[in-house]
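Chain V with the ligands: place on chain D using the hints.
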Amino acid sequence: MVGLVLVSHSRALALATQELVRSMTGPALPLAIAAGVGEEHRELGTDAVEISEAILSVQGPEGVVVLMDMGSAVLSSETALDLLDESARANITFCPAPFVEGAVAAGVTANLGAPREEVCREALASLQQKNHALAEKSSTPAPSEALQKADAAGQTIRLTVPNLHGLHARPAARLISETRPFHAEITVRNLTNQRGPVSVRSLSSLASLEILQDNEIEVAATGDDASSALEKISGLVKGGLGDPLPPRNGKAPAAAQAEPPVTPKQTDRGVPVAEGIAIGPGTHLEEADFEIPQNKIENDAPEIARLQKAVADAREALATRQAQMRATVGAAHAEIYEAQALALQDPELIDRAISFIRADHDNTALAWSRANEEIARRYESLQDPYFRARGADMKDIGRQVLEALGVKRAPAKPLSEPRILVAPDFAPSQIASLERKFVLGVILLDGGPTAHSSILLRALNIPTVVQAREVFAGRSPDSVQTLALDGSTGKVWLDPAAEVLADLRARQVDQRQRAAEDKESCLQPGATLDGHRVEILANIGHASEAREALQAGAEGVGLLRTEFLFLERDSAPTEEEQMEALRSIGVELKEKPLTVRTLDVGGDKKLPYVQLAPEENPFLGVRAIRLCFQQEDLFATQLRAILRAGHQHEFQIMFPMIADLSDLRRAKAVLEKVHLQLEHEKIPHLWPIKTGIMVEIPSAAIAAEALAEQVDFFSIGTNDLTQYALAADRGNPALLPYQDSLHPAVLHLIQHVVKGAARFNRPVAICGEAASDELAALIFVGLGVHELSMTRTKIARIKSVLRQHKLGDVQQLAEKALACHTAGEVRALLR
Amino acid sequence: METMTVNSLDSATVVRWMQHCAETYQQHKDELTALDAAIGDADHGANMARGFTAVQGKLDGLKDKDIGAIFKGVAMTLISTVGGASGPLYGTFFLQAASGANGKTSLTQEEVAADFAAGLKGLMSRGKAVVGEKTMVDALVPALDALKPVANDTLAAALDRAIAAARKGADSTVPMVAKKGRASYLGERSAGHMDPGCLSSVLLLEALKQALPSG
Ligand SMILES: Nc1ncnc2c1ncn2[C@@H]1O[C@H](COP(=O)(O)OP(=O)(O)O)[C@@H](O)[C@H]1O
Ligand SMILES: [Mg+2]
Chain D
1 MVGLVLVSHS RALALATQEL VRSMTGPALP LAIAAGVGEE HRELGTDAVE ISEAILSVQG
61 PEGVVVLMDM GSAVLSSETA LDLLDESARA NITFCPAPFV EGAVAAGVTA NLGAPREEVC
121 REALASLQQK NHALAEKSST PAPSEALQKA DAAGQTIRLT VPNLHGLHAR PAARLISETR
181 PFHAEITVRN LTNQRGPVSV RSLSSLASLE ILQDNEIEVA ATGDDASSAL EKISGLVKGG
241 LGDPLPPRNG KAPAAAQAEP PVTPKQTDRG VPVAEGIAIG PGTHLEEADF EIPQNKIEND
301 APEIARLQKA VADAREALAT RQAQMRATVG AAHAEIYEAQ ALALQDPELI DRAISFIRAD
361 HDNTALAWSR ANEEIARRYE SLQDPYFRAR GADMKDIGRQ VLEALGVKRA PAKPLSEPRI
421 LVAPDFAPSQ IASLERKFVL GVILLDGGPT AHSSILLRAL NIPTVVQARE VFAGRSPDSV
481 QTLALDGSTG KVWLDPAAEV LADLRARQVD QRQRAAEDKE SCLQPGATLD GHRVEILANI
541 GHASEAREAL QAGAEGVGLL RTEFLFLERD SAPTEEEQME ALRSIGVELK EKPLTVRTLD
601 VGGDKKLPYV QLAPEENPFL GVRAIRLCFQ QEDLFATQLR AILRAGHQHE FQIMFPMIAD
661 LSDLRRAKAV LEKVHLQLEH EKIPHLWPIK TGIMVEIPSA AIAAEALAEQ VDFFSIGTND
721 LTQYALAADR GNPALLPYQD SLHPAVLHLI QHVVKGAARF NRPVAICGEA ASDELAALIF
781 VGLGVHELSM TRTKIARIKS VLRQHKLGDV QQLAEKALAC HTAGEVRALL R
Chain V
1 METMTVNSLD SATVVRWMQH CAETYQQHKD ELTALDAAIG DADHGANMAR GFTAVQGKLD
61 GLKDKDIGAI FKGVAMTLIS TVGGASGPLY GTFFLQAASG ANGKTSLTQE EVAADFAAGL
121 KGLMSRGKAV VGEKTMVDAL VPALDALKPV ANDTLAAALD RAIAAARKGA DSTVPMVAKK
181 GRASYLGERS AGHMDPGCLS SVLLLEALKQ ALPSG
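Read top to bottom, the protein sequences are chains D and V. If you're matching positions, the first sequence starts at 1 in the working numbering and goes up one per residue. If you're matching positions, the second sequence starts at 1 in the working numbering and goes up one per residue.
Excised from the complex, chain D in its bound form:
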């Protein structure tokens, strides 16, 4: 017989629980307690040594189930395992069931001679009983053995399913949720094809019955509310479970059967991110991208707990995403998440995963992916198109749970031919590993237009659409032969018709031609049609990009992000290393200007060699210059490297995240000190050096005039300025309308900076993403900005757009933009 150990902080509680269990089982059950500490164990606490002894005292060949209360009881129990011999550890199960009712259920089950797995499952199910009794939604799966019993002993009814498409996913889901409040065990059998019985609580099980229109089903129920449950089900099924009822004796019209309506509703576009038309076969980058660990585990209880937590986390993430989608695209499109949430609650799925953990000692991720694949395959093998589509949902939630489990993703598979990539989201690192020539375009199911991955894709000139999950609603991206996308409108075509394809191809050729023309004239200096000079510079993030930037038409580098020198290493770069990298850029640029931004890390970007306190709001925390002030050595070393490398070059220094005059003074004081030190050491260096700041905190924009007196130039970081001015995290897709740098509030801030700078004759640059947006670039020039610095791939385009407009016209445009109230109104100005 399985032994039972009760671990509690309180001796009194353990003794009383023991008594409760004994009252149900009699003396035969091997039962021991480990509870309390100190003298006579009268104090609250747990003792790992006592727990290990208790385990040994009840351990027979069938093993032991341990139940524990909270906190240290869990830690001590795990420690107790360490104290046991390897052989003694093998057959011990830690059961996360509630302590008192779990103990009673476990005791009774063990006393009947059940194995450990079943003892633990019954203990867990005791929570479900209580949940049911209190009419709450259950969070633990129902024991599936009970099904046969219910079917055998209960009341039954027979019904004919009227739904045109049978009991497909939506009515099945309805049936599940409507019967959830009943305690009765309810099963369904398809009499027409002789399948079942299965539980009414599992969508995948109901699906496996393949119930079609006019099939006869038998519903059985046992339990105190069985008859009312059956009555309810009878009404529901006869009423079509929410589907419109077909006319009497009416069959589905042929057309409708050939192409069943798609649930949930479909849309044809996502959010445009990087312009350009792409046409070609798709590659769905989801299939093998998780590296599922294959190891076996010894201890199943913690794995099961992990699984349950991950499922709960995934469910929560799903709800959040659903809310976001509802806000951005409306409730109808958010429906797809509903189906997924339902799939995630499928007890069959979770039971299956738990059984892999228990029986095969699979680790959580392995057990989950096996169970998930099995059930997804079951869906996919069905006739009904609705259910087949649920297979895609199933796989999708499978991935979401793996994500919640923290399973690593494999690097994207190397491509061998040109494709349009479809993926839920890309990490910037994944994009970095893509081979550009094989990437025709990118469609992200999630992702956000201002997320880092989008910025990268734009910089790479890869036509991209994001937030396109609904485009595929009900359809697996793998089932699409030819994909097409228009990165300027966000529209996506799945297997487009021949005429559409021809039209798209023609537009694609036009675009390419225009790009070629832009390219031809890209080396001319930036200016408006009437000759007003605007310097067009490049943003670069690595020394090696300088040459390509010049070739693309950059008149210098307006923003060198120096983080590449600091990231992905275990120790800070030396002065010499930094100097060498900076000098190589100087050599490349010759007399062209280079603006070096000092280190901008902290917040979400961490350096292993800099200890930072964890922050609740990293973007509002110790980042950039604020971090440099804390790490003055690091800062001073970088400044030394810049001054030394800048000797005989056109370098200027730019400080990021300056909030006010005192920040600026402090940064300049360090710079001054570094200069004096270099002078003292007689080391040649660039002095005086032009010094400017990034304007990205609204306070700096507001204080522009005071700051202007103290700097040589301003460069406006529109991404952060927008994020901070509108309090909208740029990675959050629900905040789309607030993430556009053309928001009039941001434009007013920029205008204020330009005016402040003008008082002291200082140039103003824009180095944010918006500088490469055609409309935004024109408006910025109209506002009086002198320089635009952008990713090199956009330089040719922006130069040529600029050449088509007169200064007076863009000034008028800027005036109108300032008078708008939303970014949407501003964007409408050019249409």
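The set of hints was computed from the structure by calculation and includes no laboratory data. Careful: at least some of the hints might be erroneous.
Dumping the calculated DMTMM-like pairs for lysine to aspartate or glutamate here, alpha-carbon to alpha-carbon at most 20 Å [as the list claims (entries may be wrong)]:
hint : chain 1 : residue 1 : chain 2 : residue 2
1    : V       : K209      : V       : D41
2    : V       : K29       : D       : E43
3    : V       : K128      : D       : E39
4    : V       : K128      : D       : D82
5    : D       : K606      : V       : D145
A few chain V residues facing chain D, derived, Cβ under 7 Å [what the hints assert, rightly or not]:
hint : residue
6    : R50
7    : I79
8    : S80
9    : G83
10   : G84
11   : P88
In this text, a Cβ means the ideal position worked out from N, Cα and C, and glycines have one as well.
Quick look at chain V with the ligands alone, frame taken from chain D:
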């Protein structure tokens, strides 16, 4: 007079360390309990005092053994007498540290650092806590980092660094919201108080510093 530099940890010092622990946890019992009262169940002081008083009672039998055996004895005693989460956690720390010190009656400074690091690794995998979750880990991680020997180092100097780092780490827990242990039941309300386990970790290191033979 020539100053003596202490660069190793011997059994006698370890025994003195444990005695100092028993004293210091008795002395700081109320302070620890007060911290635990704010965010936990007001027993951390009593738990630590009970545990190390029990350790003290075992020292007679342990004092002639090697360091590994002493650590193991300390570990078993803590595991079975502390009662709270800190019992299995500190217990696991000493249990893991014991394996590196088996058969040794003296540890070099490098060995101390490596041994304690192994202990901390065990502690962290037991509690599944990482830095930033408002647990003793926030004090111990920076402390044991600072313990690593540098050029011209002494154990005393290293311990001074470790204690300073632990204190800093402990202070950093004040604004944190607890993610592990009993305090995590309080959620946001756990912010504003230092984690009691951090203070007991600082005391543990200070007791070791005190136990070093003075130069
Ligand atoms: N999972 C954990 N990992 C690391 N440290 C923990 C963990 N849980 C609790 N602690 C530490 O233990 C301290 C509480 O110890 P104690 O009061 O003795 O135990 P209990 O919380 O059971 O009352 C906390 O202040 C915290 O530093
Ligand atoms: Mg406590």
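Hint check, V/I79 versus chain D [nearest Cβ-Cβ separation less than 7 Å]: holds, 4 Å
Given hint V/P88 near chain D, where the shortest CB pair must fall under 7 Å: holds, 4 Å
Restraint check, 7 Å cut-off on beta carbons, for V/S80 near chain D: Holds, about 4 Å.
Chain D contact restraint on V/R50 - CB to CB distance below 7 Å: holds, 6 Å
Status of the V/G83 interface restraint (C-beta, 7 Å, chain D): The hint holds - V/G83 has a Cβ within 7 Å of chain D, the shortest such distance being about 2 Å.
Distance restraint between V/K209 and V/D41, which requires alpha-carbon spacing of 20 Å or less: Between V/K209 and V/D41 the Cα gap is close to 30 Å, so the pair fails against 20 Å, i.e. violated.
Satisfaction of hint between D/E43 and V/K29, Cα-Cα up to 20 Å: Between V/K29 and D/E43 the Cα gap is close to 16 Å, so the pair holds against 20 Å.
Pair hint V/K128 and D/D82, alpha-carbon separation not exceeding 20 Å: Within the cut-off at roughly 16 Å; holds.
Straight-line alpha-carbon gap D/K606 to V/D145, limit 20 Å: Holds, because 18 Å separates the two Cα atoms, which is no more than 20 Å.
Restraint status (C-alpha distance of V/K128 to D/E39 at most 20 Å): With a Cα-Cα distance of about 30 Å, the restraint between V/K128 and D/E39 is violated, given a limit of 20 Å.
Evaluation of the interface hint that places V/G84 against chain D, nearest CB under 7 Å: holds, 5 Å
The structure is inconsistent with the numbered hints 1, 3, although it conforms to all the rest.
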